[in-house]
Amino acid sequence: MSYYFAIIGTQDNPLFEYDFGTSKQGGDGQPRFSEQARHLNQFVLHSSLDIVEEVQWTNGQLNLKVIDKFFTNYISCFMTGGNVKFLLLHQPTATAGGANTTRNSTSVGANPTSPQTEEAIKNFFTEVYDNYVKAIMSPFYKVNMEVRSPVFRQRVAAAGRKYL
Amino acid sequence: MAHLGPGKAASSKEQAGLRYPSNGKTIYHRPLNRTKTAELSQSSFAYLFSEMVSYAQRRVTGIQELEKRLNLQGHPIGLKLLDLLLTREPPRSQTRPLTIIALLHFIKINLWTHLFGRQADRLEKSSNPDTPDEYMIVDNEPLVNAYISVPREMSQLNCAAFVAGIIEGVCDGAMFPARVTAHSVGGKEEGEMWPGKTVFLVKFQPEVLEREALIGKG
Amino acid sequence: MFVTVFALIIINKAGGLIYNRTFHEGGLNKISTNDYLVLAGTFHGVHAITARLNPLHPPTNRTSTTSSTAAAAAGAGGAPGTHLTRPDPPSGLEVLETENFRMQCVTTLTGIKFLLFTDTTQANVDLAIRRVYDMYSDYVMKNPFYQLEMPVRCDMFDRKLASYIREINNR
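Chains A, B and C supply the protein sequences, listed in that same order.
Those letters in the first sequence? Residues 1 to 164, per the UniProt record's numbering, in order.
Those letters in the second sequence? Residues 1 to 218, per the UniProt record's numbering, in order.
Those letters in the third sequence? Residues 1 to 171, per the UniProt record's numbering, in order.
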């Protein structure tokens with residue numbers, strides 16, 4: 001599975017983005033997006049913001065779970081208190097999708113809708129949220145500012161490796 | 001969405017220019033909850049706040065402007081506290097406030113307890129039918145005003161405008177855009193129980209009420 | 001006699017009167033504001049003189065001191081490990097007692113003088129004056145609208161002071 005993670009500010013502006021691949025089932029942590037898909041990912045995430053805006057007022061949870069699907073791309077959303085959105089696009093690797101060994105698999109790396117994957121994504125989001133709160137606690141951070149800290153990036157990468 | 005630039009190359013370059021604290025610990029290495037129950041000296045806060053008021057006073061011409069500046073000083077604190085206090089909630093009750101009442105309760109209980117060690121004294125809805133968008137949070141003796149005597153010629157001023165700014169930050173952050181102002185309502189007579197009593201008037205923008213009505217229906 | 005605290009005067013370090021308040025009518029003669037200013041200035045001068053005029057020998061000549069502290073006090077630098085101490089400056093006039101009242105003066109490190117006029121039988125004036133100083137540091141010094149060395153006009157200070165003195169006087 002390949003992941004594209006982005007933090008979107010309150011004005012629908014990107015604050016942070018990071019793409020990575022699964023580290024489960026012997027994954028090497030590298031994203032397997034085609035060059036074209038890499039560009040498309042941003043559009044896919046952006047278009048799902050409309051759905052986020054609908055869902056956010058009916059569900060008070062921070063974790064809104066999978067909110068959108070675009071072909072094989074699943075989009076999970078986590079909404080912070082300050083209306084900053086964490087969006088995670090996850091795409092099963094094309095070769096794995098067709099093989100019947102993984103079709104009904106519940107493991108994290110293979111099936112985007114299994115409860116295990118949901119739980120893993122929740123843990124990932126929670127850990128990123130912790131670090132995000134630390135980032136905004138900095139007195140030099142103002143709302144909707146890009147998060148540029150390399151330490152934050154490392155932390156997100158570590159959370160990705162740990163859960164996804 | 002604009003591309004934020006090639007991630008890895010940029011980050012390694014930034015890393016070279018980044019200065020870590022001498023012990024190698026950045027804000028990300030500190031636990032979020034260690035200071036949850038920590039207290040700080042009221043005196044040091046009083047001196048700091050006193051300087052904040054003097055600082056704000058230095059470049060203003062009127063009381064309204066001074067209150068506006070104090071409000072602006074508080075605003076980012078509110079935005080940040082909203083997220084901090086949510087992370088500190090136990091997972092079960094970790095929900096974003098979706099209604100005005102939920103938001104005001106969050107402010108009255110969570111925010112006040114975090115900032116002042118107790119809840120706000122009262123929460124009221126405006127009884128005037130013309131202003132259904134106004135709510136009031138009452139604090140009998142705001143901590144920020146504990147040592148402040150406002151001179152007679154500035155009697156309109158209430159330095160709790162700073163707290164109003166924090167409240168406004170929380171409301172804005174939670175997508176309930178509002179104007180929050182602080183008003184002194186305590187009597188000046190001798191023997192008055194709460195001479196420093198302050199009302200924080202929260203006036204929500206029309207779109208908030210509109211949405212509230214829609215959510216209520218759905 | 002219930003009333004024991006008559007009045008409080010605060011004098012800034014330049015000798016200017018920055019606060020005066022009487023707590024009981026009739027305990028003392030009423031004097032005009034101008035007289036208060038003169039009184040403050042005069043007291044300031046007298047206090048300065050009493051701080052200089054010291055009938056006692058300076059502490060360096062005290063026989064009980066060991067040689068090392070004597071050397072330190074004399075400004076010789078002191079041997080390694082000895083504690084360099086500077087004697088407290090003389091505090092000047094502290095108490096003035098008459099037939100009708102007693103006046104206690106406390107000078108703070110920043111040169112502010114608190115003068116408390118009490119009945120001659122009043123006990124624990126030290127404590128009372130200490131509390132007044134506490135209130136001054138709380139409700140005057142932490143007030144962003146107070147300018148140093150200027151007359152004290154702080155409602156909160158007035159209020160707290162009044163209730164504290166009332167408590168003493170009704171005891």
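The hints are simulated quantities; they were obtained by calculation from the structure and are not laboratory data.
Mixed in with the good hints there might be a few duds.
Said to hold, decoys possible - As a list, the in silico EDC-like pairs of lysine to aspartate or glutamate whose alpha-carbon atoms are at most 16 Å apart: (1) 217(B) x 130(A); (2) 36(B) x 130(A); (3) 197(B) x 149(C); (4) 160(C) x 192(B).
Outcome of the hint check:
1. 217(B) x 130(A): Roughly 35 Å separates the two Cα atoms, so the pair is violated.
2. 36(B) x 130(A): Holds, at roughly 14 Å.
3. 197(B) x 149(C): Answer violated: residue 197(B) to residue 149(C) is near 30 Å, above 16 Å.
4. 160(C) x 192(B): Distance ~13 Å between residue 160(C) and residue 192(B) Cα, so the pair holds.
When each numbered hint is compared with the structure, violations occur for hints 1, 3.
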